Amino acid sequence: MISFLKQPTICRNIVRAKQYDYLSKKIMPRRHFTNNSNIAAATKLSSSDSSSDYSSSSSSSFIKNVNVNPVPIRTRKEAMKALEILFNNKEKIHACDTEVCNIDLSKQGPVGNGQVTCATIYSGPDVDFGSGPGGTLWIDNLDESEGTLHLFSEFFSDAKIRKVWHNYSFDRHVLYNHSIDTHGLGGDTMHMARLWDSSRQKYSLEALTMDLLPDDFQKTNMKELFGVPNIKKDGTEGKNISIPPIEMLQRLPETRDKFVHYSSLDAVATWKLHTKLSNKLENTTWAQGQNMLDFYKRYLVPFAEMLTDMERRGIYVARETYLPSLQLQAETDRDKYEHAFREWAKQYCDEADRMNLASAGQKCTFFFGGGKNKNPKSGEPIPAEREFKVENIEGIVQEGKKKPNKYRQMKIKGLGMPAINYTATGIPATSAAVLKQLAGNNPSDDVNPSYGAAYEFFGGGQKGKDACKAIESLLQISAVDTMIGTFIKPLQELADDDGRIHCSLNLNTETGRLSSRMPNLQNQPALEKDQYKIRDAFQAKPGNSFIVADYGQLELRVLAHITNCKSMIEAFESGGDFHSRTALGMNDYIQHAVQAGKVLLEEGDAVGDKANIPLLKDVYSSERRRAKVLNFSIAYGKTAFGLAKDWDVTRVEAQAEIDKWYNDRPEVLQWQKRTIEKAKETGFTRTMMGRYRRLPDLRSSNSGIRSHGERAAINTPIQGSAADVMMMGMLKLHTDEKLKQLGWELLLQIHDEVIMEGPEEFAEEAMERVLYCMENPFQKKLRVDLNVDAKTEKTWYRAK
DNA sequence: TATGTACGCGCC
DNA sequence: AAAGGGCGCGTACATA
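Everything in the first sequence is counted per the numbering used here, starting at 1 for the first residue and increasing by one.
Keep in mind the hints are simulated off the structure, nothing from the lab. Since the structure is predicted, the reported quantities are computational estimates derived from the model, not experimental observations. There could be a bad hint or two in this list.
Claimed, not checked - In silico DSS-like cross-links for lysine-lysine, where the CA-CA straight-line distance does not exceed 30 Å:
id, residue 1, residue 2
1, Lys469, Lys489
2, Lys336, Lys469
3, Lys533, Lys107
4, Lys223, Lys107
To be verified - Just the calculated beta-carbon pair ranges, DEER-fashion:
id, residue 1, residue 2, range
5, Tyr772, Lys107, 38 to 44 Å
6, Glu320, Lys678, 53 to 59 Å
7, Lys678, Lys239, 46 to 52 Å
8, Glu320, Thr639, 45 to 51 Å
Note that the Cβ used here is the ideal one computed from N, Cα and C, for glycine as well.
Please take these sequences and the hints and turn them into a complete structure.
Shown next as structure tokens:
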């Protein structure tokens, strides 16, 4: 039997730790409250000598050694003078930054949310805005100065004037909230830093400034500058520090000057970082006679600008006409499953009604507490019972107390079932895969039920059957909860007044893929798993349609191209179903069956008198499925150990399958060896378009980490090159004159798939162009053709 | 009360 | 000693 149990890995935890580090920065950018305090920088700044002539603030002692000489712009007259200087320096690079209020970044994105309280511009050490060369412009846009910013609209929207930003997407959107449509992206220091070194932990302006700019130019974070201790109930100062709202810092006389200095400094830091990063990229080879800055400017800058267009557009979800009924249906289902499970569990657990079915800890104790289960890491037995805190809705009064407490302890006793699998920390896992093993594949089927481990444990018979059915209900509860909590609800909450969702599309991955946040639109339930048809909520406007186009086997085609593998190239050249062909190559008896005309390789063969012959994928479906798994596993660097676990076969058997795969494709094995070798020498691996991924893990003393690095060394060229193909394809789609003329625009990208929206009447015409653009992302052809499948429909669900 | 960690799960 | 790459995010729970 195939098991899908996933082993916990230390690698995953390493990667995860990094994600959180990064996320805390992403969720709370520099404008927000909770930046980590930078004690080192603060100490350095406050202890250095006061040679600065910065004199506009009595509280400026915080920032002594960085002189930004801000020129405040509050009136039309001042703005006109500044604009004249800006336009006289058209050819220069201008670093810009905004400060924003009225936005809660933990709940909403910048499209349609947030107002700019001020903007700062720094145009380099030569430009003099009136405070001497190298001063900054500080454009006030609050209170009586509101509207000043808009006077600069022409400057921001001029495509010929290069502006550089840190996290351009955010600024572009908030400026658009003031009807300022920026163009002329000169660079985004966040993207440049990612391109220069994609394995950094932090990409915040602060972290980059600290690491890349000289010690005498450093940035102090907001918490350091403006943080005030929270006042506790008793009136004393608490330990937590919060930052007053932006608009308050800008208004209050005691913080105003410091704030002006702080925000101006961000623009200066961005400018200096841009210079520094340009230099670094310039000194990195891209291709013959060209450097990474060339690559950045030619592809990544237009790509980044395009991503903000997509974010701004958003995608419509039927928040009012569809999602609520969907939610109701899901909640009804949930209640049904919940009732079924609790009724069963009551027989074994007094507090079954109060158990939190979303708690892994409680489920773990209930099923696996006691018995012979031991933590494989620590050797400790799993406790036979545990207490959990629950709300005291029963109003139980504790002994010796007069009134009931708000919370009470609830005891769960373990059934002592043998654990199926363990988490990374050595606790019995209660994942869906584990519960599935307990319940069996199909315990509720009337005709042909199949039961899992719980059947035997409860002594078989009716009791065993009931247990399996109950656990299946529990499984359903988790599944439905995920649907409601991760998809159905957030989609409704995040839609704007027009029902459109504006996720943030980030260039923040190690491999060059995009990621999507708030919400993540790249993990919406797909196909069969989309039991509630959530993708039907994504709809085109009346009169419009979607085109959903995806690359078929993109990564495998890329693998074939990169490795120049004869057998793979041939398989793709002959067309048809790649996985069937792999299965054919790996099993003699399938070859015989095909040669004897007993089965057909693929659907295209079912013509004329062969129409009634069955297909390989139907007759040998398990072989094909295995071949498919193997195809992907090898691209990811899976080992015989992992494959053996997945397939529930011995390691030797798994290795034999792998060997058979490589036998037909020796170039792949050679390439993998060569690539790891080279990565160890150079410390990096590269993609087709020449992007680098540094792999410091390859030099780790921890062999687990090292192996992870080796797998990354061979996976990144595949995944990253696939991302390259997609990026180039999207740039073609974006710049295609015909598509523009027909009114078709990109909305989303899901790694190997794009969603476009446009007038229904031109859908067929547009589709032709879409196919052409995506199939020809490069001037040069790859060694295998790219296969694009496109469909036009009214909803995302229907277009698959 | 706020924050970090662990677990688990959705997608390609 | 671990044992498939890349993501984002909701929930529970421990800790400060």
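Now for the hints, and whether the structure bears them out:
| no. | hint | result |
| --- | --- | --- |
| 1 | Lys469 to Lys489 | holds (28 Å) |
| 2 | Lys336 to Lys469 | holds (13 Å) |
| 3 | Lys533 to Lys107 | holds (25 Å) |
| 4 | Lys223 to Lys107 | holds (21 Å) |
| 5 | Tyr772 to Lys107: 38 to 44 Å | holds (41 Å) |
| 6 | Glu320 to Lys678: 53 to 59 Å | holds (55 Å) |
| 7 | Lys678 to Lys239: 46 to 52 Å | holds (51 Å) |
| 8 | Glu320 to Thr639: 45 to 51 Å | holds (50 Å) |
In summary, this structure violates none of the numbered hints.
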